[in-house]
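There are 4 protein chains.
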Amino acid sequence: MAKKPFRVGMIGYGFMGRAHTNAYKQVGQFFPSEHQVVLKAACARNEAEIKKFADQWGYESTETDWRKLVERKDIDAVDICVPNNLHAEIALAAAANGKAILCEKPLAMNAAEGRKMVEAVERAKVPNIVWYNYRRIPAVSLAKKLIDEGRLGKVFHYRAKFLQDWTIKSDLPQGGQGLWRLDIAAAGAGVSGDLLAHCIDTAVWMNGGMDSLCAMTETFVKERMHNLTGKVEKVGIDDACTFFGKFANGSLANFESTRYARGHKALYTLEINGENMSLFWDLHDLHRLQVFDYKDDGPIRGWKSVHVTDNSPDHPYMANWWVPGLAIGYDSSFTHQVADFLAGLSSGRPAGPTFRDALETQLILDAILDSAKSKQWVNVGKV
Amino acid sequence: MAKKPFRVGMIGYGFMGRAHTNAYKQVGQFFPSEHQVVLKAACARNEAEIKKFADQWGYESTETDWRKLVERKDIDAVDICVPNNLHAEIALAAAANGKAILCEKPLAMNAAEGRKMVEAVERAKVPNIVWYNYRRIPAVSLAKKLIDEGRLGKVFHYRAKFLQDWTIKSDLPQGGQGLWRLDIAAAGAGVSGDLLAHCIDTAVWMNGGMDSLCAMTETFVKERMHNLTGKVEKVGIDDACTFFGKFANGSLANFESTRYARGHKALYTLEINGENMSLFWDLHDLHRLQVFDYKDDGPIRGWKSVHVTDNSPDHPYMANWWVPGLAIGYDSSFTHQVADFLAGLSSGRPAGPTFRDALETQLILDAILDSAKSKQWVNVGKV
Amino acid sequence: MAKKPFRVGMIGYGFMGRAHTNAYKQVGQFFPSEHQVVLKAACARNEAEIKKFADQWGYESTETDWRKLVERKDIDAVDICVPNNLHAEIALAAAANGKAILCEKPLAMNAAEGRKMVEAVERAKVPNIVWYNYRRIPAVSLAKKLIDEGRLGKVFHYRAKFLQDWTIKSDLPQGGQGLWRLDIAAAGAGVSGDLLAHCIDTAVWMNGGMDSLCAMTETFVKERMHNLTGKVEKVGIDDACTFFGKFANGSLANFESTRYARGHKALYTLEINGENMSLFWDLHDLHRLQVFDYKDDGPIRGWKSVHVTDNSPDHPYMANWWVPGLAIGYDSSFTHQVADFLAGLSSGRPAGPTFRDALETQLILDAILDSAKSKQWVNVGKV
Amino acid sequence: MAKKPFRVGMIGYGFMGRAHTNAYKQVGQFFPSEHQVVLKAACARNEAEIKKFADQWGYESTETDWRKLVERKDIDAVDICVPNNLHAEIALAAAANGKAILCEKPLAMNAAEGRKMVEAVERAKVPNIVWYNYRRIPAVSLAKKLIDEGRLGKVFHYRAKFLQDWTIKSDLPQGGQGLWRLDIAAAGAGVSGDLLAHCIDTAVWMNGGMDSLCAMTETFVKERMHNLTGKVEKVGIDDACTFFGKFANGSLANFESTRYARGHKALYTLEINGENMSLFWDLHDLHRLQVFDYKDDGPIRGWKSVHVTDNSPDHPYMANWWVPGLAIGYDSSFTHQVADFLAGLSSGRPAGPTFRDALETQLILDAILDSAKSKQWVNVGKV
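Protein chains in written order, with our numbering: chain A, 1 to 383; chain B, 1 to 383; chain C, 1 to 383; chain D, 1 to 383.
This is chain A alone, in the form it adopts within the complex:
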């Protein structure tokens, strides 16, 4: 039976452009569906670079102006892989042109922008999703499943950290290729929007919304050379951000992120403590879920290190990969996201996080930055 083509226009060609493209190429082999992904066009301002990228990854054509790309009739979906300050404008144009949108996280520069994007895609009725890929690491998906089965009982605590160390050196410039995450104008925020956004998305998905919070941010290196202006300029982003608060279900939040934690490359950890079960996960060992089950027999009760690699329905997504014990990589989470997105197109039950789902994370991020500035507790806005 002939497959339905799903023709992708990719905007951007950086780290995420590569990760998404790898997923588009793998999905048909590992998660066959009624759709066939077609890499129709890749787009970036730098023509030489985008042609090289398209050639290496197999895109059929290139564009240098994203406005042209979103208007092309031969494209079904737009993938937004550019700095945060461009997400809204592109998404609005893509929605207006009836394209499905797969937008890199965070959804927007702030909740106001995000809200416009939600309205745009919902008005246009176009499929939409945000690339909070960590939901689809099998161990994380398994955690969600255990929670949904009610195994935890009343939840008391949810804590998450995302620790890195790559910006400690003060001679690292802000802005420019690969460094736009340090540039407040392009990124909108520092570690909060970059790293905490992931932690918050997973938390809200697993543990529900937040009522209120209190945050602290710090910028350790106050000035950095700006790559675009060539001048030393004040740094506008947060280098570190910690917050605590209360979830709607009564549990307590403790979140922290930083790029100044020497020794940690990308240590995203999460832990949820329920009355009957606790769960812990760590991106550095992403194929394992730590489970403490209070119902286990007393003498042998302990944290179980579950190697989430069984090729069976027991372990989400893994039946489609290899054999027990053989771990898949970080990149597979993107493949799973495409698989679920395409399945959602077929079933009519859209895969999350939709733009609307991602708006909740954006509201929490706004509350964090407000609180850090005012040094007050702040209530989280409603979606």
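Just so you know, the hints here were simulated from the structure itself, not pulled from any lab data. Computed from a predicted structure; not experimentally measured. Careful: at least some of the hints might be erroneous.
Repeated chains share a single entry, so a pair holds when one copy, or any two copies, can fit it.
Stated by the list, open to error - Straight line, CA to CA, 20 Å or less: simulated SDA-like cross-link-like pairs of lysine to any residue:
1. Lys295 / Arg151
2. Lys382 / Met206
3. Lys25 / Leu39
4. Lys4 / Gly348
5. Lys154 / Gly250
6. Lys25 / Glu60
7. Lys51 / Phe30
8. Lys154 / Trp166
9. Lys52 / Asn320
Since the structure of chain A is provided, determine the placement of chains B, C and D on it from the hints.
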């Protein structure tokens, strides 16, 4: 050469009474000094119990009134192992009688009380120390040594947690033998004074004082039967407490404690991230220090799991124990504390934490409870 | 510049057929070279199955007779992904037809067969390699690099284990799709040829050849239903195999494999103890290398957990993937093997293990089975 | 009620002399019984040293001739803490004098000697035990309990290792204080008698006797200066020893020990794989037992890290120590052994391992050395 006797009067016979006594008995074998500890008297209101305790542990005599004990001429030192609400009164009386004082932590119910105790021991010029024993777990002592050698460079983060799960069940009473830690009248606070106090003592010792902080507390179980009154009463303690803040050296604090973290028995962890080195320690594997040394050769840079068991000067205290690889237990930290206290008597350089050192922890605890109540940032008072 | 096509004919479509094909598809994106892999044809006796496979994975055509495949002019290389008893016959025919050969491990049913294969490919001067993929897990490649740099000094011990538990249930049949590894006629051996073969290949690569050894094998389940005959038949394979022996460099070997170690899915571990450095690796956490460096400063000497994920030359292959901290999966080892094989074609320095390299493993496997049968020490034959 | 005195005469004052004495001193506080241990006399040839030891540890008197000690009427038990070559002679004399005997491991220089010791204590009907202390690490005792409850089902594998690295340097002398373990005349064997003996004792206790085995030994450093003669002499001990074999219950053994495994201080690990459950323990983290329970729910099946520190009957011995989460040390295993020995005196059910139990280990050690020499499989002799 004849040893100088060091005649101890112990008040209390619970968990800590046993731990301290074990240390008094071990110290002479493992850390011989010019002093010989003599277990002169044990004291508690319950005569049968204290006689049984004295018999089992080798105390020469008993008392049922601590006022008598602190006045005895044949006693050099008083060890205060009773609930927090009695620390100040006993300490003041002991100081007035010229006794050295070894006081269980936290020093006092609050900073005001603690300040009076500091004044009393300093006026009386009696040796004094507080049993913040975790400083003397060899792995923790090694961490302090590495910090003092300047190996970390500028410090960015200090984080600590103390997670337990033993009060989750709502039918646990508050108050009475073994449960006074749940009784606000006896304990003065919940997890903050009990667990965070340990974390704060170590933190201040390693990373210096704190300027300001913001805290959140929660009491999950609002009412419990009170063992002394037999009635269901409002619970006054904090079941969970989280705070963040700033150290005087510019680094950021993130601290959390709870008795509702299913799966954790006594998980005291601490981590300090410096420019050049990071350190991590975990009470559940107390004999290991995790060290990340940025100066290590790039391809093989990683967290080192240092098994702090070498019987050499490399590893604090361990030259006096067994052979490499053979771990000592939690109880040894008390033995080390007595050894250092006695060495301080001989050298004239008192071992810490003195009452004055411990007052700093008390001021931070006051700030935490103030902040949690007012939902505001609070400046930490000065010693 | 136009790429040189590298047209692959794949024989087989099972677990390994999928793993190799994924690698052929990924290699151009992550490790661009002068070659372009073309999936020319897939071959298997079952026409429906091979057509489905070719369709899903993008092979241009199919064959149902491998003899036809190896004679096709439009094919440059043959990939042998069928049970062990067919390796030799296919390889000899492919060599006679001048095809490059990429053969699944183990090379052959025994050393005699392997020797003929070596002679055939060397006579025909065709590029050849065996899929001992674990050499190219980045952490394992890093271990090899450290050894080659002479960091270990004199080596005393090499030990390896490969533990699984999937054949414990006695009602598992022997033979047939997915179960030919239990069938002595198809597999030639049990865990020795399947699992130990991997351990031995890595060991010989890292630590050099072996002189002599002594082995023990066991078959726990003596009879199983045979899927092809439908009858309960004697089991011919080894369920467990342990051996010790001496490497040519004077170090001692201790190897073990089993499919009856409850709780282990695919626990391939290796450890090498040198005078100055020791290394440990574990397939269950394949992205980490444990390194003990005796030259480290005494007080902080410990096993380092190196997260082999830096996108820099420090960590083999990783510069071509993501950013630090983000692990790649098991499957990437195959992608690396294709990348190295193609680089070898370009450079004229063939990537290993060639058939000749793999013959050494085969000779050790022969010695193991001889020793287990005779219950005597056996000298390892010479390549 | 007055306690029965249990008057100990200690022969030796080294590492083990201290460990045993600490246990004698602690036992009454933590495991009260009807006996009161009295440290009656300590004995060694060096008068100054033994007086210093006795003074530090509280022995009432000293002897310089063990023959005098074993004849003293005021002594109930003799503790043999001297090099292996003296065990038999002292034990025979002590038995002849009707003393209870607590003998350091291994029981004897060989099985012939051991058999005489068994005959002597059984003829004299004196209580006897050998200090294989690792049986009484709570995590190990828990493992034994789980096995005895039948939780493992059919056992397939038992493997153990004891790895150290302290003799790598070739300028370490053999013989003399602290180094007699390198002297064949004093020790009788190298790592086999020293380290494997521990592994074998635990294995036989848990998994039953062995039928046959095959071993390999190696002496890496062939000559060392002898401390007693001052001359460079041939080294007679085994530096490394590996063996495999079969237990009577059909399971397979794989054991290894060495003092040349760089990075390991005292890494005694054991693992037992049963049909339904597997267990793993590691002396470097002695307070944890790793348990894999196949009966656990599939999606969350994994190795549990049991922190064996609950002060409840769930965790052997721990009800007598601290509170959950607080680990005890290596030294506590000796305290437990004394507690059990004294309980055995009271109950009439002697605590093991008795001399007879320990003879089985000795027979296996003999078989190991025979096999290593003959390079043949050897049957294990019968007790």
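So, going through the hints one by one against the coordinates:
no.	hint	in the structure
1	Lys295 / Arg151	both (10 Å within a copy, 18 Å between copies)
2	Lys382 / Met206	within (18 Å within a copy, 42 Å between copies)
3	Lys25 / Leu39	both (8 Å within a copy, 15 Å between copies)
4	Lys4 / Gly348	within (15 Å within a copy, 44 Å between copies)
5	Lys154 / Gly250	within (9 Å within a copy, 38 Å between copies)
6	Lys25 / Glu60	both (13 Å within a copy, 17 Å between copies)
7	Lys51 / Phe30	between (28 Å within a copy, 16 Å between copies)
8	Lys154 / Trp166	between (38 Å within a copy, 15 Å between copies)
9	Lys52 / Asn320	between (32 Å within a copy, 16 Å between copies)
Of the numbered hints stated above, none is contradicted by the structure.
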